[in-house]
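The primary structure of each chain is shown beneath.
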Amino acid sequence: MCVGLSAKVVDLKDGTAVIDASGAKRSVSAELLDDLEVGDYVMVHAGVAIAKITDDDENETNKIMEEL
Amino acid sequence: MDNLNGLSPKEILKGYNGRKLRIMEVCGTHTHEIFRLGIRKILPESIELISGPGCPVCVTPVGYIDEACILALEKNCVICTFGDLIRVPGTEMSLADARGKGAQIKTVYSPLDAVDFAKENPHKQVVFLAVGFETTTPSACIAVEKARKDGLDNFSILCANKTMPNAYQALKGSADAFLFPGHVNAITGNATCKALSEQGVSGVVAGFTAKELLTALAVTVTLLQKGEPFFVNCYPRVVKDEGSPAAQKLMAKVMEPCDSEWRGLGVIKMSGMKLREEYADFDARKKYSLPEIKGKPNPACRCGDVLQGKCKPCDCKVFGKVCTPQHPVGACMVSGEGACSAYYQYGM
Ligand code: SF4
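Residue numbers (our numbering), protein chains in the order written: chain X, 197 to 264; chain V, 967 to 1314.
Simulated from the structure, these hints should not be mistaken for lab results. A portion of the hints provided could be inaccurate.
[Stated by the list, open to error] Here are the computed lysine to aspartate or glutamate pairs in the EDC-like style, where the Cα-Cα straight-line distance is at most 16 Å:
id, chain 1, residue 1, chain 2, residue 2
1, V, 1177, X, 262
2, V, 1206, X, 231
3, V, 1219, X, 227
4, X, 259, X, 230
5, X, 248, V, 1225
6, X, 248, X, 262
7, V, 1215, V, 1225
8, V, 1112, X, 227
9, X, 209, X, 230
10, V, 976, X, 262
11, V, 1177, X, 231
12, V, 1260, V, 1225
13, X, 209, X, 251
14, V, 1115, V, 1247
15, V, 1160, V, 1208
16, V, 1090, V, 1079
17, V, 976, X, 254
18, V, 986, V, 1014
19, V, 1206, X, 216
20, V, 1115, X, 227
21, V, 1115, X, 210
22, V, 1262, V, 1032
23, V, 1138, V, 1119
24, V, 1177, X, 253
25, V, 1206, X, 251
[Said to hold, decoys possible] A short list of chain X residues far from chain V (calculated; beta carbon distances all over 12 Å):
id, residue
26, 206
27, 208
28, 214
[To be verified] Here are the in silico distance ranges between beta carbons for each label pair:
id, chain 1, residue 1, chain 2, residue 2, range
29, X, 209, V, 1281, 49 to 59 Å
30, X, 209, V, 1215, 15 to 25 Å
31, V, 1293, X, 220, 49 to 59 Å
32, V, 1002, X, 254, 17 to 27 Å
33, V, 1057, X, 231, 21 to 31 Å
34, X, 219, V, 1062, 24 to 34 Å
35, X, 220, V, 1086, 21 to 31 Å
36, V, 976, X, 220, 51 to 61 Å
37, V, 1004, X, 254, 16 to 26 Å
38, V, 1280, X, 231, 42 to 52 Å
39, X, 230, V, 1057, 21 to 31 Å
40, X, 209, V, 1260, 46 to 56 Å
Note that the Cβ used here is the ideal one computed from N, Cα and C, for glycine as well.
Bound conformation, chain V alone (with noise of 0.2 Å):
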């Protein structure tokens, strides 16, 4: 610690006055961790946090919700899903509102559990909305290879899983530094923010707790004074350079590439994965044949420039006013890790 004379994380931060940093968080539970320990209020005005798109259910797009509610609506599949989705809007209605009429939608804690209703409801046709990044795709994986090993007929996942490496580069310029989101390294590995820095995009992976967020932060802010660009991995207890081998090979046997559109960021190409032709029999949008849907999103909602950190949440005129947890007008209001939720919740 001889270079920083013996400061401490949060010294360091609090000491700060260079010229202003913006950093993002890309990860929507940093977002809300960093409110939650009260983090921003002892950063300097020099140093700016913005939220990222590395919320999964902010960037899940109004046709996706659309396609759920007619499997539900017209198809008469039982849903199960992450509950954050239930209340995000659709083009015409949310799942809260399609179970208002009629539609049955069970929240659920992982895709297995999805797996075990099919297994216990045969006559019932369940589906499973399949949204998240690299952490959460391993499981709608492991969740499909069950069904298939049980010889389920009644199990299919409607698939919007995403990857990073792509959304990066679409967001290359939108910040200084980008605080990397801890879990997806787990599973990726710390190559693809490694090839970052050498294309001059810095970054730290971090973990979750007050200290960790701290020493990742002290440690962005330490680095880009000195100029040069960088990579750290702060999550090493966590995070190995390697990832998860067995998880990337997972995916790989049961997914594939394919371009996908991010809510208000438009479609980003080859950053989704989708089923691979010989799992199509627990691929929902060929088992119901669903027509292509183009969602169309409520205009005032402002996400898309929240997500790459163009405007904060309190830029966007409905926010707080017709916008709010209890009726949202945009996804990034509903998810607990949202970014506008957040803002909401602690009053910034």
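The shape of chain X in the complex, shown without the other chains (with noise of 0.2 Å):
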């Protein structure tokens, strides 16, 4: 049950959002995210948006691995 949905924001009305994940489509709770704009990657849980991605996880990890 825990398991996050990367996806990706294709439609936004009135606090949801529809989503892309891999050619599924759903609608999602977009309340806690004020910010949000169709085309960006939000992390799914439960059925709500809990978080924007701001990269992909290839630059994510080189950036640590040098600051380390």
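Both chains are given apart, each in its own frame, so use the hints to dock them into the complex.
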């Protein structure tokens, strides 16, 4: 139940986002994220977009290793 | 990368030959991803991974399942739940067994789906089983707010939400470092973990892809060798230092902290959440005057030791024999994120 789903926002209306997760679309609550825009990537848990994803994992981990 | 001689995370881990290190992956999804990606196989023996209590299904106490069965069988409620909870054993039966006796148990993906179901079925009393850590608690709060706004009087939740800070305190000595659960920190931010490092408890917050998990482990192993307590955010693309202020505000509005029982670990002070008095109409315990229930777990089950890293699932006498994913004796064998089910599935 805790597995997060990363997905792209394809539509946004009244606090609800339509997300596309590898082709599967569904509506989720977007009310926790006020600066969301269509095209953003989000992490979804139990029907709620909980966070914006701001980078890919490759870039992220390269930076971490450089800073270590 | 100078100080690491340009080594990749994988090379750092493979090449480690120092003292024995115990790293606890707090989150059940980490446990499963680490198995699934084969990361355990590349680790030298001196790096031991132990599974922590971060699977909400695994730490849900027996008495909670008993309460849900009473609501379903005696109070005629339709129970809406995440699928994993259905097969968790209660004292006498699981929700799957209750279903066999005529209970209506419906699997939902989100508590918001349970609210929609209540709206579409005004003659049914609907109860959502609210379990989970800070990651899932906001969704339960959004559902309650929505039910209130829509004026629903046939929706309530059975609250067993939990919070991690005091669990970390209870587990402090169990490992050399924690892999903190990425999506809990996405909500709460990093303050608790930073404070832990000031108390000498090290850890990193980790993401879930192969690159992220290998990097988080390599950072942990490298910094443990330096000997100073540390905290590093190894999942910055999702976890911000401040977490999600909107989610924190919502949770504080709808719920308040309370003592909470963790299966196998006992009651941990102020490690749970309950609905505030203003939301009493949506609190299934109050609405249906549930009696206080003390569940009795199966005495053979060592889930409590497994969840604290005191033993491995295969050290439990009934592991893989009496207790299998098809016939779970304890909760750790039920959930896809449970340590016993991971050991069973991946054959360790
Ligand atoms: S193998 Fe089964 S009985 Fe043993 S600790 Fe795990 S869940 Fe409990």
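Comparing the hints with the structure gives:
1. Taken as a hint, the residue 1177 of chain V and residue 262 of chain X pair is honoured in the structure, with Cα atoms around 14 Å apart against an allowance of 16 Å.
2. Using a Cα cut-off of 16 Å, the hinted pair residue 1206 of chain V and residue 231 of chain X holds, with the two alpha carbons roughly 15 Å apart.
3. Distance check on the hinted pair: residue 1219 of chain V and residue 227 of chain X sit about 15 Å apart at the alpha-carbon level, within 16 Å; holds.
4. Only pairs whose Cα atoms come within 16 Å are accepted, and residue 259 of chain X paired with residue 230 of chain X is rejected, the gap being roughly 28 Å.
5. The hinted pair formed by residue 248 of chain X and residue 1225 of chain V fails the criterion: a straight-line CA distance of about 32 Å is larger than 16 Å.
6. Proposed proximity of residue 248 of chain X and residue 262 of chain X is contradicted: the alpha carbons are some 24 Å apart, above 16 Å.
7. As the CA atoms of residue 1215 of chain V and residue 1225 of chain V are separated by approximately 21 Å, the hinted pair breaks the 16 Å bound.
8. Using a Cα cut-off of 16 Å, the hinted pair residue 1112 of chain V and residue 227 of chain X holds, with the two alpha carbons roughly 12 Å apart.
9. A threshold of 16 Å between alpha carbons decides the hint, and for residue 209 of chain X with residue 230 of chain X the separation of about 12 Å falls inside it, so the pair holds.
10. For the given pair, residue 976 of chain V sits about 15 Å from residue 262 of chain X by alpha-carbon distance, which is consistent with the 16 Å threshold.
11. Between residue 1177 of chain V and residue 231 of chain X, the direct Cα distance comes to roughly 28 Å. Violation of the 16 Å bound is thereby established for this hinted pair.
12. In summary, the hint linking residue 1260 of chain V to residue 1225 of chain V is supported, as the alpha carbons are separated by about 15 Å, within the 16 Å threshold.
13. Note on residue 209 of chain X and residue 251 of chain X: the hinted pairing is violated, with a Cα-Cα distance of about 24 Å set against a maximum of 16 Å.
14. Under the criterion of a C-alpha separation no larger than 16 Å, the hint pairing residue 1115 of chain V with residue 1247 of chain V is consistent with the structure, at around 13 Å.
15. The hinted pair formed by residue 1160 of chain V and residue 1208 of chain V meets the criterion: a straight-line CA distance of about 12 Å does not exceed 16 Å.
16. Distance check on the hinted pair: residue 1090 of chain V and residue 1079 of chain V sit about 15 Å apart at the alpha-carbon level, within 16 Å; holds.
17. Distance restraint check for residue 976 of chain V and residue 254 of chain X: the Cα-Cα separation of roughly 14 Å lies within the 16 Å cut-off, and the hinted pair is therefore satisfied.
18. Between residue 986 of chain V and residue 1014 of chain V the alpha-carbon distance is near 7 Å, which keeps this suggested pair within the 16 Å criterion.
19. With a C-alpha separation of about 24 Å, the suggested pair residue 1206 of chain V and residue 216 of chain X falls outside the 16 Å cut-off, and the hint is violated.
20. Our distance criterion of 16 Å between C-alpha atoms is met by residue 1115 of chain V and residue 227 of chain X, whose separation comes to about 15 Å.
21. A distance of roughly 15 Å separates the Cα atoms of residue 1115 of chain V and residue 210 of chain X; the hinted pair therefore holds under the 16 Å criterion.
22. Proposed proximity of residue 1262 of chain V and residue 1032 of chain V is supported: the alpha carbons are some 10 Å apart, at most 16 Å.
23. Among the hinted pairs, residue 1138 of chain V with residue 1119 of chain V is inconsistent with the structure: their alpha-carbon atoms are about 43 Å apart, more than 16 Å.
24. With a CA separation close to 7 Å, the supplied pair residue 1177 of chain V and residue 253 of chain X stays within the 16 Å bound.
25. The hinted pair formed by residue 1206 of chain V and residue 251 of chain X meets the criterion: a straight-line CA distance of about 12 Å does not exceed 16 Å.
26. Distance check on residue 206 of chain X: its Cβ is at least 18 Å (rounded) from any Cβ of chain V, clearing the 12 Å threshold; non-interface status holds.
27. No beta-carbon of chain V comes within 12 Å of the beta-carbon of residue 208 of chain X; the shortest separation is about 16 Å.
28. No beta-carbon of chain V comes within 12 Å of the beta-carbon of residue 214 of chain X; the shortest separation is about 14 Å.
29. Roughly 53 Å separates the CB atoms of residue 209 of chain X and residue 1281 of chain V, a value that falls within the hinted 49 to 59 Å.
30. For residue 209 of chain X and residue 1215 of chain V, the hinted distance range of 15 to 25 Å is satisfied, since their beta carbons lie about 23 Å from each other.
31. Judged by the Cβ atoms, the range 49 to 59 Å given for residue 1293 of chain V and residue 220 of chain X is violated: they are separated by roughly 32 Å.
32. Evaluation of the 17 to 27 Å hint for residue 1002 of chain V and residue 254 of chain X yields a pass: the beta carbon distance comes to about 20 Å.
33. Range check, residue 1057 of chain V to residue 231 of chain X: Cβ separation about 48 Å, and the 21 to 31 Å hint is violated.
34. At roughly 32 Å, the beta-carbon separation of residue 219 of chain X and residue 1062 of chain V lies within the given 24 to 34 Å, and the hint holds.
35. In this structure the supplied range 21 to 31 Å holds for residue 220 of chain X paired with residue 1086 of chain V, their Cβ-Cβ distance being about 23 Å.
36. About 32 Å separates the C-beta atoms of residue 976 of chain V and residue 220 of chain X, a value inconsistent with the hinted range of 51 to 61 Å.
37. Restraint check, residue 1004 of chain V to residue 254 of chain X: a C-beta distance of roughly 19 Å satisfies the suggested window 16 to 26 Å.
38. For residue 1280 of chain V paired with residue 231 of chain X, a C-beta distance near 48 Å keeps the hint of 42 to 52 Å intact.
39. Hint check: residue 230 of chain X to residue 1057 of chain V, Cβ distance near 45 Å, so the stated range 21 to 31 Å is violated.
40. At about 47 Å, the CB distance of residue 209 of chain X to residue 1260 of chain V agrees with the hint of 46 to 56 Å.
The structure fails hints 4, 5, 6, 7, 11, 13, 19, 23, 31, 33, 36 and 39 (numbered hints given earlier, in ascending order).
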